[in-house]
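**Q** Modelling step: build the complete structure from the supplied sequences, incorporating the hints.
2 protein chains.
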Amino acid sequence: MAKIDIARRVYNHTWKLDPIVRSLLDTDFYKLLMLQMIRGMYPDVNVTFSLINRTTKVRLADEIDEGELRAQLDHARTLRFSKKEMIWLAGNTFYGRKQIFEPDFLDWLSNFRLPEYELSKRDGQYELEFHGPWSYTTLWEIPALSIINELRSRAALKSFGPFALDVLYARAKAKLWAKTERLKQLPGLLVSDFGTRRRHSFLWQRWCVEALKEGIGDAFTGTSNVLLAMDTDVEALGTNAHELPMVLAALANSDDELRASPYQVLKDWQRYYGGNLLIVLPDAFGTASFLRDAPDWVAGWTGFRPDSAPPIEAGEKVMNWWREKGVDPRKKLLIFSDGLDTETIEETWRHFNGKVRMSFGWGTNLTNDFDGCAPMPAPGLKAISLVCKVTRVNGRPAVKLSDNPAKATGDLSEIERYLRVFGDEARVEHEVVV
Amino acid sequence: MAKIDIARRVYNHTWKLDPIVRSLLDTDFYKLLMLQMIRGMYPDVNVTFSLINRTTKVRLADEIDEGELRAQLDHARTLRFSKKEMIWLAGNTFYGRKQIFEPDFLDWLSNFRLPEYELSKRDGQYELEFHGPWSYTTLWEIPALSIINELRSRAALKSFGPFALDVLYARAKAKLWAKTERLKQLPGLLVSDFGTRRRHSFLWQRWCVEALKEGIGDAFTGTSNVLLAMDTDVEALGTNAHELPMVLAALANSDDELRASPYQVLKDWQRYYGGNLLIVLPDAFGTASFLRDAPDWVAGWTGFRPDSAPPIEAGEKVMNWWREKGVDPRKKLLIFSDGLDTETIEETWRHFNGKVRMSFGWGTNLTNDFDGCAPMPAPGLKAISLVCKVTRVNGRPAVKLSDNPAKATGDLSEIERYLRVFGDEARVEHEVVV
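Protein chains in written order, with the working numbering: chain A, 16 to 449; chain B, 16 to 449.
It is worth saying that the hints were derived from the structure and are not from the lab.
Hints may be right or wrong, so weigh each one.
Note that identical chains are pooled: a pair holds if it fits in a single copy or bridges any two copies.
[Said to hold, decoys possible] Straight line, CA to CA, 25 Å or less: simulated DSS-like cross-link-like pairs of lysine-lysine: (1) K228 - K98; (2) K228 - K31; (3) K404 - K228; (4) K99 - K228; (5) K99 - K113; (6) K340 - K397; (7) K113 - K98; (8) K397 - K282; (9) K370 - K332; (10) K190 - K228; (11) K72 - K332; (12) K282 - K98; (13) K404 - K282; (14) K99 - K173; (15) K99 - K404; (16) K397 - K346; (17) K190 - K98; (18) K332 - K188.
Keep in mind the model is a prediction, meaning the values are calculated, not measured.
**A** What follows is the structure in structure tokens.
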């Protein structure tokens, strides 16, 4: 072929949009698992998801053009699950189980589209909210986040010339490869990609997933990104998220119901899933209170995912609790997923190796680490702590306490009520970077 | 990005092979339908497939390098159906029917690999044969043909500079687009791609399929290529081929069994398939004799695919036969698939419009028409009549008579026996171009 494909070039001239999200499968696997349960058990609950930028010094509304943001969100609303994708969801084996999604759920999913959004600007930030039935608004979380994060990368790269871009990606590739070389020194290590929501870009996440597949081999257990799992033939991974206890807590009609809600989540969950999907996420209202009040049967679940306390401290607490319940931690699984990078993975692995089964869900520092890669200052390439959280449930405010007060969300008065019910034991503030 | 991706360029320098066939789904759909029946009913029959170049003036062994041919055939033997492909075969709807492939067949298919081949040269031609159980050798037909055809295109293009290549594809695209503009003038026309085996190249076939999808819209009913059907989300099409009557005829132990064999094929077929898959291929031993001896129930099948007589003449004969059986041809389907191009499609459509349902399986002149496109003489780009046919069945010679003696294959003495049993009625020689 000639060096320049004229038809392609002219086509590119008339591009209206380079869509960031091109498939409804470009989301985290646990959203689909949760969605099946939400639709089955809570079809009438209304839930608002809201964008929250914890890195307030970054003024997103100044960095990202509102027209571009609306065009990307509108494009995501045109998507449907394609025939091939529906067939794959129905036919693939997830966590060793065939037909994890029921035919009735898949029928409904085949007509799914993302609901409307509300977007405005305030103090240099975007206020982006999704109102409506939980079973619809929940699927906005991941595409909303990945769209905003990629639009921010694109804005940061607009001034880069072709060589600067080439060098940027060359360095980022070298940097990630060096991480894989360190990680493959750890025998028996298990790592997966959890980096969809805060990725630099879709293509870069795909590069990272393929690099891990080649670079660490069997130590790479899969990706949370369903589309990449399908396309690169790796496992789709993930279990459940804070939205479940947050919504059930907000639905509670008394302090007693509120106190019981974290365990109600687990009861609901095990109606749908078993085996390695029985992973407790204990920190929505503080891990200490969760363990203190947990019924004995919780120790029968496969494992825990501590997500906001420092991993060694959090893991030790869970292991002590298992021992108190007469359970051998070596038969149990800890999944670490909070702000991991090579150092924390190494340190945590060394600490727990031989004492407990463990795996690592590696997120932002896998798919969006460009620190030191740009040949010129580019603050817009530094990942920020952006989340999309449940804020209202049937008109009531929703709350997350977390083990780290810097990760708490919700109305202050409501947070105080939750602290009264659950206690404030062992919650320690740590800087939230991503 | 910089204009030249150095990593990609260096990777290309070390390419050992640009595989032509990269997936076992890169075959014709009817091979999989037939395979399910072959494995179910004739698991112990040994069948040899042999390459036959009817365009003898083209000396394939001079045009195509033997090392390259072996490398491509060897690569095809490394392929397995991938997990995603198996899930799609199990979950997709074919001809309106779910689970057309039985779980037991799919289990077996998931371990399928192409058997060994025998390759030698003789008189400037390749002798390429596949020996073994029918349920294995049958899947070699399409990849063997598409490999040889694409190697021939590649050889022809080796001397082309970048501009000559650019102009070649520009003209070929313009030429195909002009065909779509003519075809979309015919209201209610139905056309599908049957051009896998003799395509110019895989990428060009994909371009043709996507061009038809955009160019003639609903008039494009799908492709025989299973991989392209999956990837471009169109219907996978095709029913059955001459190998079924040829093998059953060769297995016949008497002239009476031989005479009955074309109808035995249909009885076998309807144990597995129904509806629009009940398409009679009548010409293996001459359409006239087939119709003369056909039981009445054959008129209950959905349609016929005349494949070697001129389409109008062949279609009229089948329609007369339907009328004799008291069947209204307007409720029946004719599928034309022999050496079609725009003119024959238009002429045939005009002749039969309103008299019978019809559709067109467009092959070589869709996916390998570069006549007048090269800016320099390139005889190697002209498609040839290359087939891969059953030649021996459990040690006995196999025969095809066809409506066109130029398409007959088999030992001369055996052809004479078949002519004695079936008769030579209405068989007329026509030049075979592709």
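**Q** Against each hint, give a clear statement of whether it holds in the structure.
**A** Evaluation of the provided hints:
{"no.": "1", "hint": "K228 - K98", "verdict": "between (27 Å within a copy, 17 Å between copies)"}
{"no.": "2", "hint": "K228 - K31", "verdict": "between (34 Å within a copy, 22 Å between copies)"}
{"no.": "3", "hint": "K404 - K228", "verdict": "neither (31 Å within a copy, 42 Å between copies)"}
{"no.": "4", "hint": "K99 - K228", "verdict": "both (24 Å within a copy, 17 Å between copies)"}
{"no.": "5", "hint": "K99 - K113", "verdict": "both (17 Å within a copy, 14 Å between copies)"}
{"no.": "6", "hint": "K340 - K397", "verdict": "neither (43 Å within a copy, 78 Å between copies)"}
{"no.": "7", "hint": "K113 - K98", "verdict": "both (19 Å within a copy, 13 Å between copies)"}
{"no.": "8", "hint": "K397 - K282", "verdict": "neither (40 Å within a copy, 68 Å between copies)"}
{"no.": "9", "hint": "K370 - K332", "verdict": "within (13 Å within a copy, 80 Å between copies)"}
{"no.": "10", "hint": "K190 - K228", "verdict": "within (16 Å within a copy, 43 Å between copies)"}
{"no.": "11", "hint": "K72 - K332", "verdict": "neither (34 Å within a copy, 81 Å between copies)"}
{"no.": "12", "hint": "K282 - K98", "verdict": "neither (33 Å within a copy, 33 Å between copies)"}
{"no.": "13", "hint": "K404 - K282", "verdict": "within (23 Å within a copy, 62 Å between copies)"}
{"no.": "14", "hint": "K99 - K173", "verdict": "neither (35 Å within a copy, 37 Å between copies)"}
{"no.": "15", "hint": "K99 - K404", "verdict": "neither (31 Å within a copy, 33 Å between copies)"}
{"no.": "16", "hint": "K397 - K346", "verdict": "neither (39 Å within a copy, 67 Å between copies)"}
{"no.": "17", "hint": "K190 - K98", "verdict": "neither (38 Å within a copy, 32 Å between copies)"}
{"no.": "18", "hint": "K332 - K188", "verdict": "neither (37 Å within a copy, 67 Å between copies)"}
Violated hints for the displayed structure, listed by number in ascending order: 3, 6, 8, 11, 12, 14, 15, 16, 17, 18.
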